[in-house]
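Protein chains: 2
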Amino acid sequence: MISDLSNRASEWLCGIGPMHDVVVSSRVRLARNLAGMPFLSKCDARQKSEILEKLRIAIMACDLGEKLTYVDVARATPLDRELLTERHLISRQHAASDSPRGVIISDNETVSLMINEEDHLRMQVLRSGLQLNEAFDEIFRIDAALEKVLNYAFSSRYGYLTACPTNVGTGLRVSVMLHLPALKLTGELDRALRAARDMKLAVRGLYGEGTDSLGDFFQISNQITLGRSEKDIVEEFLSVIVPELLNYERKARQALMAHDATDIEDKIFRALAILQSARKITSKETMYRLSMIRLGVHLGKITSFDLKAVNELSLLAQPAHLQKILGREIQDEERQKVRADFLRQRLKACSS
Amino acid sequence: MISDLSNRASEWLCGIGPMHDVVVSSRVRLARNLAGMPFLSKCDARQKSEILEKLRIAIMACDLGEKLTYVDVARATPLDRELLTERHLISRQHAASDSPRGVIISDNETVSLMINEEDHLRMQVLRSGLQLNEAFDEIFRIDAALEKVLNYAFSSRYGYLTACPTNVGTGLRVSVMLHLPALKLTGELDRALRAARDMKLAVRGLYGEGTDSLGDFFQISNQITLGRSEKDIVEEFLSVIVPELLNYERKARQALMAHDATDIEDKIFRALAILQSARKITSKETMYRLSMIRLGVHLGKITSFDLKAVNELSLLAQPAHLQKILGREIQDEERQKVRADFLRQRLKACSS
Chain A
40 MISDLSNRAS EWLCGIGPMH DVVVSSRVRL ARNLAGMPFL SKCDARQKSE
90 ILEKLRIAIM ACDLGEKLTY VDVARATPLD RELLTERHLI SRQHAASDSP
140 RGVIISDNET VSLMINEEDH LRMQVLRSGL QLNEAFDEIF RIDAALEKVL
190 NYAFSSRYGY LTACPTNVGT GLRVSVMLHL PALKLTGELD RALRAARDMK
240 LAVRGLYGEG TDSLGDFFQI SNQITLGRSE KDIVEEFLSV IVPELLNYER
290 KARQALMAHD ATDIEDKIFR ALAILQSARK ITSKETMYRL SMIRLGVHLG
340 KITSFDLKAV NELSLLAQPA HLQKILGREI QDEERQKVRA DFLRQRLKAC
390 SS
Chain W
40 MISDLSNRAS EWLCGIGPMH DVVVSSRVRL ARNLAGMPFL SKCDARQKSE
90 ILEKLRIAIM ACDLGEKLTY VDVARATPLD RELLTERHLI SRQHAASDSP
140 RGVIISDNET VSLMINEEDH LRMQVLRSGL QLNEAFDEIF RIDAALEKVL
190 NYAFSSRYGY LTACPTNVGT GLRVSVMLHL PALKLTGELD RALRAARDMK
240 LAVRGLYGEG TDSLGDFFQI SNQITLGRSE KDIVEEFLSV IVPELLNYER
290 KARQALMAHD ATDIEDKIFR ALAILQSARK ITSKETMYRL SMIRLGVHLG
340 KITSFDLKAV NELSLLAQPA HLQKILGREI QDEERQKVRA DFLRQRLKAC
390 SS
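Chains A and W, in that order, are what the protein sequence lines are. In my numbering, each residue carries its 1-based index in the first sequence increased by 39. In my numbering, each residue carries its 1-based index in the second sequence increased by 39.
The set of hints was computed from the structure by calculation and includes no laboratory data. Certain hints may be false.
The list makes no distinction among identical chains, and a pair is therefore deemed to hold if it is satisfied within one copy or across any two copies.
Simulated pairs of lysine-lysine, DSS-like, Cα-Cα distance not exceeding 25 Å [stated by the list, open to error]:
hint	residue 1	residue 2
1	Lys223	Lys347
2	Lys376	Lys106
3	Lys270	Lys93
4	Lys223	Lys376
5	Lys387	Lys340
6	Lys270	Lys81
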């Protein structure tokens, strides 16, 4: 099943959700733990396996309205685990852990249910553009269905109990992946991100906790889950946080075009030319160049391909995907060459 | 006359002289002063004008076997002076001075005779590739012809007397412009240039004294002119200095291709792609990219254009030439855009 992943197009890859000029994707996740079982840090291997089996069997037996696939993450190869991470289906922590663990994935990859990550169960819905309400409705539906067959650790005073106190309460984390290249270029990024942090939001990189920003992508998420309703958290994102950052970025793009259009066009067309010509290129540089190309598509400077193509390249140029496409494992030095060849071939037809 | 310059092709621009894979051009110059007149630093304005008139009239009346043109450098516009400098027809010092001064140039630009630079007369012959003997024969012929009508300051003990002691004796400076990109890339450049300095050679940039290396071009010249014959100085360049540096660079190119051909190809094709796509570019970056393209032509990686085209672009992309082509003066910021447009248009047809 994993071998098919590298060629699939997830829903969020299409990139046509609302506000897709800035909002790449929306994500909601719920943290849940089974009642009567210790948190994972207190579990021995036998207990972890027990939790895994219990959740896997219960969930796979549920009708969640989508075709589900189970992946035994502990038994997956390192390359497959990396592949799942690059597709945002599991976290880096889940990939790297040494516990018995797994993930259940829906066919279009909008739903992923990690078992034995930090909590017994982490449910995630990921959608393209700004679709927090849609994502929330979906995860609420899944949560409700699972709650019928599972007994969660719940306190009437605190709400859902979780391994880390920051998740106690709703267990909800809401996040949006924003593409903020213009704020970076105008030097206003730090101010915008500081404003986000002042709103008690966490700012992270492309692959969540502990990862750097890559290609001007920033994940903005709530940090407080206790004492607020799920709807309030989502509503604040939709009516305050996202519009504010979106507005910042859009204004920065207008300012760039008004004050020095040539400068930004230069960055865009150089980026395209480099991806069309390089003979070796790192994953980091690729993301940076694709970030400029994405901006070029949004500004109408590049018309020879669309956002879906940019998203696909961003994903397929990642190390694990490249190796899957090639059909064998390769080390970094050779990977840079294979990546350049792959990008050149894919971008051959695109004129500047 | 100057307005034509920017469209002419000097002999050295053709770039087809011997050893042109490394030796861009060969240059010899003689320093001479008129007897009975003080060195320029001791002259007043009247005396300088007198020297200028005397030399101009005498030289223009001589049959040197070439059509000669006189340019009044003091009255030339700053842009025209810069144009002459970019074409290596006058030195930066000559362009910047505030004395009455001029230059006499042959039609194919191999010969340039600066009046009132550091010495009363500086004669230069510039040729493409390694043509030191040819250049020396030509300057010797010119010197002999002029000596019939001019009375030079000469000491039977020291030889020709010059304003700076380092030129006393033969008054000869021999130099070659070398293109050493592979030594730079392999990190051996410093060692090679140190070896040159150990041989009492001066290492300078593209525009001679006091200029930085630009695009991996280095001018290597003798520093000692006293107590050695002209033929000895030239012979040492031809049999020891140039072959040694040439050999270093060629071996470095072979090593690059043997150890990491992709790496060097990457630099070459990125350089071409950038010049074909940039919307703004500095003169410095242009020279660096053209240096890689020149290497690409020599390594057979780029076949869509030749060395002459690279040389022409290197020259025409310089600030004064660009402004001459455009027909008006423009500031740096706009120049970067005009340069990029010019390069894009010129390189449109060249595929990678």
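Taking the hints in turn, this is what the structure says about them:
no., hint, result
1, Lys223 <-> Lys347, "within (23 Å within a copy, 41 Å between copies)"
2, Lys376 <-> Lys106, "neither (37 Å within a copy, 55 Å between copies)"
3, Lys270 <-> Lys93, "neither (30 Å within a copy, 94 Å between copies)"
4, Lys223 <-> Lys376, "between (29 Å within a copy, 23 Å between copies)"
5, Lys387 <-> Lys340, "both (18 Å within a copy, 19 Å between copies)"
6, Lys270 <-> Lys81, "neither (32 Å within a copy, 89 Å between copies)"
The structure does not agree with the numbered hints 2, 3 and 6 stated previously, though it agrees with the rest.
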